[in-house]
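Same order as they appear, the protein sequences are chains A and B. Residue 1 is where the first sequence starts when you use the working numbering, and the numbers rise one by one after that. Residue 1 is where the second sequence starts when you use the working numbering, and the numbers rise one by one after that.
Since the hints were derived computationally from the structure, they do not count as laboratory data. Any given hint could be a false lead.
Below, computed lysine-lysine pairings styled on BS3-like, alpha-carbon distance capped at 27 Å [claimed, not checked]:
| # | chain 1 | residue 1 | chain 2 | residue 2 |
| --- | --- | --- | --- | --- |
| 1 | B | LYS251 | B | LYS197 |
| 2 | A | LYS126 | B | LYS69 |
| 3 | B | LYS251 | A | LYS112 |
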Amino acid sequence: MSDTPFDILMIVIATILAMMAVIFTVWAAEEQMYQFGIRPSESTASDMAGLITIAQGLTTETILKYGNITSGITYNITVMNKLVCVSARARYTITDCSSYAHEPLWGGGTHKITDAIGFNLVIEKKPEVWARLVQ
Amino acid sequence: MTRVILSLILILIFGFAFLTGMGLGVMDKYLDLRVTSYTIDSSRHAINLMHLFLTNSLLLENSPNEIQKLVLSSGRIGEYNSGWFTDQEDILGYRMKLSDCCELLEYDYNFSTSVRTESGSWSKTAEFGNLVFDMESMCYMDYQRMKGYAEMPIVVWSKGNNGNIYTPAIANLTLMKTPLSELAFWISQSSLRLNEKYDQSLIKEIRFGPEVEKIRIYKATPARGIICMFKRNSLHDKICKQFYNSSAEVKMSISDSSGSWDISTFTQASPFEKFLPNNCNNITVDADINRVPQIMLRFS
Numbered sequence: 001m002s003d004t005p006f007d008i009l010m011i012v013i014a015t016i017l018a019m020m021a022v023i024f025t026v027w028a029a030e031e032q033m034y035q036f037g038i039r040p041s042e043s044t045a046s047d048m049a050g051l052i053t054i055a056q057g058l059t060t061e062t063i064l065k066y067g068n069i070t071s072g073i074t075y076n077i078t079v080m081n082k083l084v085c086v087s088a089r090a091r092y093t094i095t096d097c098s099s100y101a102h103e104p105l106w107g108g109g110t111h112k113i114t115d116a117i118g119f120n121l122v123i124e125k126k127p128e129v130w131a132r133l134v135q
Numbered sequence: 001m002t003r004v005i006l007s008l009i010l011i012l013i014f015g016f017a018f019l020t021g022m023g024l025g026v027m028d029k030y031l032d033l034r035v036t037s038y039t040i041d042s043s044r045h046a047i048n049l050m051h052l053f054l055t056n057s058l059l060l061e062n063s064p065n066e067i068q069k070l071v072l073s074s075g076r077i078g079e080y081n082s083g084w085f086t087d088q089e090d091i092l093g094y095r096m097k098l099s100d101c102c103e104l105l106e107y108d109y110n111f112s113t114s115v116r117t118e119s120g121s122w123s124k125t126a127e128f129g130n131l132v133f134d135m136e137s138m139c140y141m142d143y144q145r146m147k148g149y150a151e152m153p154i155v156v157w158s159k160g161n162n163g164n165i166y167t168p169a170i171a172n173l174t175l176m177k178t179p180l181s182e183l184a185f186w187i188s189q190s191s192l193r194l195n196e197k198y199d200q201s202l203i204k205e206i207r208f209g210p211e212v213e214k215i216r217i218y219k220a221t222p223a224r225g226i227i228c229m230f231k232r233n234s235l236h237d238k239i240c241k242q243f244y245n246s247s248a249e250v251k252m253s254i255s256d257s258s259g260s261w262d263i264s265t266f267t268q269a270s271p272f273e274k275f276l277p278n279n280c281n282n283i284t285v286d287a288d289i290n291r292v293p294q295i296m297l298r299f300s
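Start from the sequences, fold in the hints, and give me the full structure.
Here's what the structure looks like:
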């Protein structure tokens, strides 16, 4: 028994609906992963704030370097007023902030960078905490 | 036959969508992913802050030529305790010392030391901190009740009649996101994010329970303000925290049902004060960059 035009139409509609359901599910899942799972801005801000807090507790002259050279993610970062705010732009732009306990001094660099594909946060304890962001 | 298969496919698709929706609904109610995320993050902050307290802070008992790591002075822990509960920045300088050294915008915390008694149990010997809100109230979301912990073996130094006494002890640090820390953190980060143009708009609702009877807000300097929350039925018990305004271009205002005011008009001598009803309350931090960068604190 051959298919009627109505059957073929239904096959096409069902296929489109199924594909749309899959695509929307993948999109929604990807966005959820960025919101709750893969959140480079959150982990980067938290790592940087933690290192600035730890650096104040060091008692010997030390240089700490935190690097992030993830390709495909562009970062805007500002560190001031006890806050590290990181805006990471990939498929979605997500911004997160984290706080640290002690304000570092800024020398030989700046407290913010923009449109950085990769960057380093260099913290020197000597004995005050000096920090600089390097693009 | 084809119609049967098509019907089956459509039933499967919509059945899958329905079950997924139900699953997400149940997960949303019983599995708040922020609890896991915030617990891990706050524990990392707790460990970092504990490291700072025990290796290079004003809590340490320092000899003139040498920093004695992990040796805390019981007297200094007591001095710090008095520093949390004032918004007078100049009282013995404790407030400024705390702000400069050991205040995280994102969290409030309690730090305590415990020694083992002869019976083998642990007895709390000293503590300071600003966790005074009852976060078990139904006004709070699950993720607001999470805590970060850090624990380390230390030595507590005190002066006895016969000289120095060194007592083995445990230092314990508990971090929490409280209404006070949430408010200070979100005002400060909204200001920075608007100033740096990371966001066009930002909105955050902060809940707090009936234990907060009064809120006081004022500007201490153009770049820095103070928020105090007073405990219900105990108005002399208040907890204060700083917030930052990253740029003079970011305007800050407060509004409620009776009007709207510029925060910069409120000073320590003449602060904004609001009594709150004895139930769950909200403050919305509403930041917007459309006309002028502006942060509005709305009471509701």
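Are any of the numbered hints broken by this structure? If so, which, sorted upward? none
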